[in-house]
Amino acid sequence: MASRRVTAQQVVAMLFESSLDHDYETDSASEAEEEVRDSGSEFSVREYSSDEEATLSADKGPVLEEDIDVPRVRQPGAEGFLIRRPDTWIAPNMEQPQLPAFPGLPGCRVNMENVLPVHFFHLFMDDVFLEEIVEQTNLYAEQHLRDNAARLRPQSRATQWVPTYLEEMKKFLGLTFLMGLIRKPSLASYWSTSPLMATAIFPATMTRNRYLLLLRRLHFVDNALALPRDHPDCDHLFKIRPVLDHFVDRFSEVYVPGKEISVDESLVLFKGRLVFKQYIPSKRARYGIKLYIVSESSTGYVYNFRVYTDRDSSIDPPGCPATFGVSGKIVWKLGRRLFNKGHHLYVDNFYTGVQLFKELFRVDTVACGTIRCNRKGYPRELVCKNLRGDSAVPCGIMSC
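Residues 1 to 400 (UniProt numbering) make up the sequence shown, in order.
Simulated from the structure, these hints should not be mistaken for laboratory data.
Treat the hints with care, since some could be wrong.
[Unchecked claim] BS3-like mimics (lysine-lysine), calculated; alpha carbons at most 27 Å apart, straight line:
1) LYS171 to LYS239
2) LYS239 to LYS329
3) LYS170 to LYS239
4) LYS259 to LYS329
5) LYS271 to LYS283
6) LYS277 to LYS341
7) LYS333 to LYS239
8) LYS259 to LYS341
9) LYS358 to LYS259
10) LYS376 to LYS333
11) LYS341 to LYS329
12) LYS376 to LYS358
13) LYS259 to LYS277
14) LYS239 to LYS271
15) LYS184 to LYS171
16) LYS184 to LYS170
17) LYS277 to LYS239
18) LYS283 to LYS329
19) LYS271 to LYS184
20) LYS259 to LYS333
21) LYS329 to LYS277
22) LYS341 to LYS358
23) LYS283 to LYS341
24) LYS358 to LYS283
25) LYS329 to LYS358
[To be verified] Restraint ranges, calculated between C-beta atoms of paired labels, are given here:
26) SER194 to SER313: 52 to 62 Å
27) ALA158 to ALA226: 20 to 30 Å
28) PHE350 to ASP390: 25 to 35 Å
From the three backbone atoms N, C-alpha and C, an ideal C-beta is built for every residue, glycine too.
Build the full structure now, drawing on both the sequences and the hints.
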């Protein structure tokens, strides 16, 4: 007679029934067991070896090991957790890997004695950077006057342009920041002479017409260097690229992050017209500009960032394996300045991958994060497929 195949659920059910039978033994059996223990007998409960289990299975019935479509699992014990493929799973009492040391000294790299808030501002926007803004603003104003000389009327505000300078640019930025604290319905309202609307600091610092003219001519890069929009290498952030690069460099120069860092996404609120504007319902802003950020876990200090512009597939950071996907390349690009320093990196399931974590460990960076079951390299033994009722899932320590 042909042998009957047994499913995984049936095996678990038989084991469960067997355990119930042992739980409800008679009192006489319990007393007999106690007598054996009290008599000083050398009898002890032990686990059967693989050969003994095969012999017992043959004595009990026609069900053979190869007829069971589940991995042959032994419960965790003194000898460890075993499975049919020993090259994949290893014993749980393995030695922990040697983690790289973190020799860094977290904190600000500048002298913190007798500092004022304006000193922190100058850490990120120094005079060299502001002089570059002044130069590009004057250049754009000259280009605009030259290209539109025939169309400008004599009484036009644009014809009243005079070159700006460093101190005036600082005043312009100061008034702009102050507008974020003092909310008014329009820009002209800040120069209102009405007793109900007047704010004396604005007209005392700069005239309204001069401020509006500087706002129209404010520039950070030469427009003559821009590529056509249909060019494959066209940069959507060309107008502000020098500003972004400057802040990325300064963020990493003035501060050393602690051992724990993280890579995640952030959404900057923006509801205007923009080709790469994102809608993420789970974020508080929902609409805006998406940023990839690496930050210090304890303080939230942004060490590096990248603006998402729908062209992440072109990312190719130095030293990054060619087999990495977009998420792996983003982590490599943002965190490569922190490699070989013993940092612990925490990510979510968008970035977590077996291959990425292996490569990070090779550069003395420990990584941790939740993982998706469909990731390449994820062991199929851990994939739970519609488990119902009393189902068993292999567990233990995975050797990567």
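Hint-by-hint comparison with the structure:
Annotation: proposed proximity of LYS171 to LYS239 holds, straight-line Cα distance about 22 Å (limit 27 Å). For the hint linking LYS239 to LYS329, the alpha-carbon distance of about 25 Å falls within 27 Å, and the restraint holds. As the CA atoms of LYS170 and LYS239 are separated by approximately 20 Å, the hinted pair is consistent with the 27 Å bound. Between LYS259 and LYS329 the alpha-carbon distance is near 21 Å, which keeps this suggested pair within the 27 Å criterion.
Of the pairs offered as hints, the one joining LYS271 and LYS283 holds, with about 14 Å between alpha carbons and a cut-off of 27 Å not exceeded. Proximity of LYS277 to LYS341 is assessed by CA-CA distance (about 35 Å); at most 27 Å being required, the pair is judged violated. Between LYS333 and LYS239 the CA atoms are separated by roughly 22 Å; this keeps the pair inside 27 Å, and the hint holds. This hinted pair checks out: LYS259 and LYS341 have alpha carbons roughly 9 Å apart, not beyond 27 Å.
Simply put, LYS358 and LYS259 have alpha-carbon atoms about 19 Å apart, close enough for the 27 Å limit, and the pair holds. At most 27 Å may separate the alpha-carbon atoms for a hinted pair to count; LYS376 and LYS333 meet this at roughly 21 Å. With a CA separation close to 19 Å, the supplied pair LYS341 and LYS329 stays within the 27 Å bound. With a C-alpha separation of about 13 Å, the suggested pair LYS376 and LYS358 falls inside the 27 Å cut-off, and the hint holds.
A C-alpha spacing of about 33 Å is found between LYS259 and LYS277, which places the hinted pair above 27 Å, so the restraint is violated. Simply put, LYS239 and LYS271 have alpha-carbon atoms about 19 Å apart, close enough for the 27 Å limit, and the pair holds. About 19 Å separates the Cα atoms of LYS184 and LYS171, which keeps this hinted pair within 27 Å; it holds. Distance hint between LYS184 and LYS170 is fulfilled; the C-alpha atoms sit about 22 Å from each other, no more than 27 Å.
Distance check on the hinted pair: LYS277 and LYS239 sit about 16 Å apart at the alpha-carbon level, within 27 Å; holds. For a cut-off of 27 Å, the pair hint linking LYS283 to LYS329 stands: about 23 Å separates their Cα positions. Using a Cα cut-off of 27 Å, the hinted pair LYS271 and LYS184 holds, with the two alpha carbons roughly 20 Å apart. A distance of roughly 18 Å separates the Cα atoms of LYS259 and LYS333; the hinted pair therefore holds under the 27 Å criterion.
For a cut-off of 27 Å, the pair hint linking LYS329 to LYS277 stands: about 22 Å separates their Cα positions. The straight-line distance between the Cα atoms of LYS341 and LYS358 is roughly 16 Å, inside the 27 Å bound, and the hint therefore holds. Simply put, LYS283 and LYS341 have alpha-carbon atoms about 32 Å apart, too far for the 27 Å limit, and the pair is violated. For the given pair, LYS358 sits about 31 Å from LYS283 by alpha-carbon distance, which is inconsistent with the 27 Å threshold.
With a C-alpha separation of about 14 Å, the suggested pair LYS329 and LYS358 falls inside the 27 Å cut-off, and the hint holds. Range check, SER194 to SER313: about 54 Å between beta-carbon atoms, so the 52 to 62 Å window is met. For the pair ALA158 and ALA226, the beta carbons lie near 21 Å from each other, so the given range of 20 to 30 Å is met. Taking 25 to 35 Å as the suggested C-beta distance range, the pair PHE350 and ASP390 conforms, at roughly 34 Å.
In summary, the structure is inconsistent with hints 6, 13, 23 and 24 from the numbered list given earlier, while agreeing with the others.
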